[in-house]
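Protein chains: 2
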Amino acid sequence: MSGGGAGPAVVPADLRVAVLGGTGPQGRGLARRFAAAGVHVILGSRTAQRAQLVAADLRELTGGPVGGADNVTAAAECDVVLVVVPWDGHADLLRELAPALAGKVVVDCVNPLGFDKQGAFALDVPEGSATQQAAAILTESTVVGAFHNVSAVLLDATEPLETDVLVLGDDREATELVQALADTIDGVRGVYGGRLRNARQVEALTANLISINRRYKAHSGIRVSDV
Amino acid sequence: MSGGGAGPAVVPADLRVAVLGGTGPQGRGLARRFAAAGVHVILGSRTAQRAQLVAADLRELTGGPVGGADNVTAAAECDVVLVVVPWDGHADLLRELAPALAGKVVVDCVNPLGFDKQGAFALDVPEGSATQQAAAILTESTVVGAFHNVSAVLLDATEPLETDVLVLGDDREATELVQALADTIDGVRGVYGGRLRNARQVEALTANLISINRRYKAHSGIRVSDV
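In order, the protein sequences belong to chains U and B.
No gaps in the numbering here: position 213 of the first sequence is 213 in my numbering, and each next residue is one more.
No gaps in the numbering here: position 79 of the second sequence is 79 in my numbering, and each next residue is one more.
Some hints here could point you the wrong way.
A pair holds if it fits inside one copy or across any two, identical chains being indistinguishable in the list.
[To be verified] Here are the computed lysine to any residue pairs in the SDA-like style, where the Cα-Cα straight-line distance is at most 20 angstroms:
1) LYS104 <-> ASP88
2) LYS104 <-> ASP14
3) LYS217 <-> TRP87
4) LYS104 <-> GLY64
5) LYS104 <-> LEU123
6) LYS117 <-> ARG197
7) LYS104 <-> GLU140
Simulated from the structure, these hints should not be mistaken for lab results.
The structure displayed is predicted, hence computed values, not measured ones.
Just chain U, same shape as in the assembly (with noise of 0.2 angstroms):
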């Protein structure tokens, strides 16, 4: 069941996402995957070479739409802004890219994670989450989060994925395009998940897929049941 019932919204043909981060294992993951759908997509990187490079890789991969341009030209180009970079650095991208950004859904794709020897952990974050995060900086943008608890690994690949997507948000026609838009994946299924309020522990689960990965060998995901 998607769209949350009020019928399944579907991705405008024309419409175009950035992934900014795109050259990293996630983001360019999911470029893979919306291209594979036919979904316009732009890499964004801090340098636009790095980010063709991946998009001609992509190209050859999928047959899709894929173009690669510096951070701040494919946020500039794009209608949805996939913001897939490292936690560090995170309030610091979103600052310089915030004018680029007005105006855009930006969707928030980042795990604030630790890592020791016992595994990864949740970061505390001021704002509370990532996302939140995203929205305190970006306030002429509208700030969805999503794509979480995507294996990196899995997203680079061709079989299905078999998981949910949990979408967050406070804007209703965000939320259910940013739905539509996992749904494009093969065998992912976008499904609301709450407020920005509740991002955190969604963003922090991240660590506990990732103790589930080392003890199970897996790539684990999130379903939703009952939905």
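Dock chain B against the given chain U, drawing on the hints supplied.
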């Protein structure tokens, strides 16, 4: 795949499980499911009389071995003690029961949540989570977190559940025992979910499930994929 790859653990035939707060919806539902599986349960409540009334009801519904007692007696008579009490008073109750709980496996099932017009949200806990609070108070017990995300409505019924139970803890023997206990519930699978320090987000995720239930008119739960 249960038992963390070390072979599925089984619940010892003579295991006695206390469910403190067993007259509330979540505790009653868990006790009902364990009794239906033939696990010996003692319901605990503030007063023995109230616990015995619910126990009699569950004996009639399940034909299983359910008794009732005050919380201290229930805790003292059992090997595994589930704490399914309201968050208010959680710490006070555990301090009071600490001597009776020494040497036992204590399974904290409590979700520290607040509610307002916008729904549920996670409360801040000084120790990090209810489970870590229990571990801080019960220094002579082995504390595990589990059963946070299971719908009380679905528990207090007979249909198989379609959900996993994330089991959190730092003691492998205890987490495997609690996984095995979860496995006794029809349709449920106990999955190791990480160390105690990663309990907060599993407790808090219940706020998201409440949001999902409201949006989709469901009794949602969690499945872990690829495990």
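Each hint, compared with the structure:
With identical chains, the CA atoms of LYS104 and ASP88 are never at most 20 angstroms apart, being 23 angstroms at best within one copy and 42 angstroms at best between copies. For the identical chains of this complex, LYS104 and ASP14 are intra-copy neighbours only, at 15 angstroms inside a copy versus 61 angstroms across copies, given an alpha-carbon limit of 20 angstroms. Proximity of LYS217 to TRP87 under the C-alpha cut-off of 20 angstroms is found in neither arrangement, the shortest distances being 25 angstroms within a copy and 35 angstroms between copies. Taking the shortest Cα distances, LYS104 and GLY64 never come within 20 angstroms of each other, neither inside one copy (23 angstroms) nor across copies (58 angstroms).
With identical chains, the CA atoms of LYS104 and LEU123 are never at most 20 angstroms apart, being 28 angstroms at best within one copy and 31 angstroms at best between copies. Only between protomers do LYS117 and ARG197 lie at most 20 angstroms apart by alpha-carbon distance; the minimum there is 13 angstroms, versus 30 angstroms within a single protomer. For the homomeric pair LYS104 and GLU140, the shortest alpha-carbon distance inside one copy (8 angstroms) is at most 20 angstroms, but the shortest distance between copies (54 angstroms) is not.
In this structure, the hints that do not hold are numbers 1, 3, 4 and 5, in rising order.
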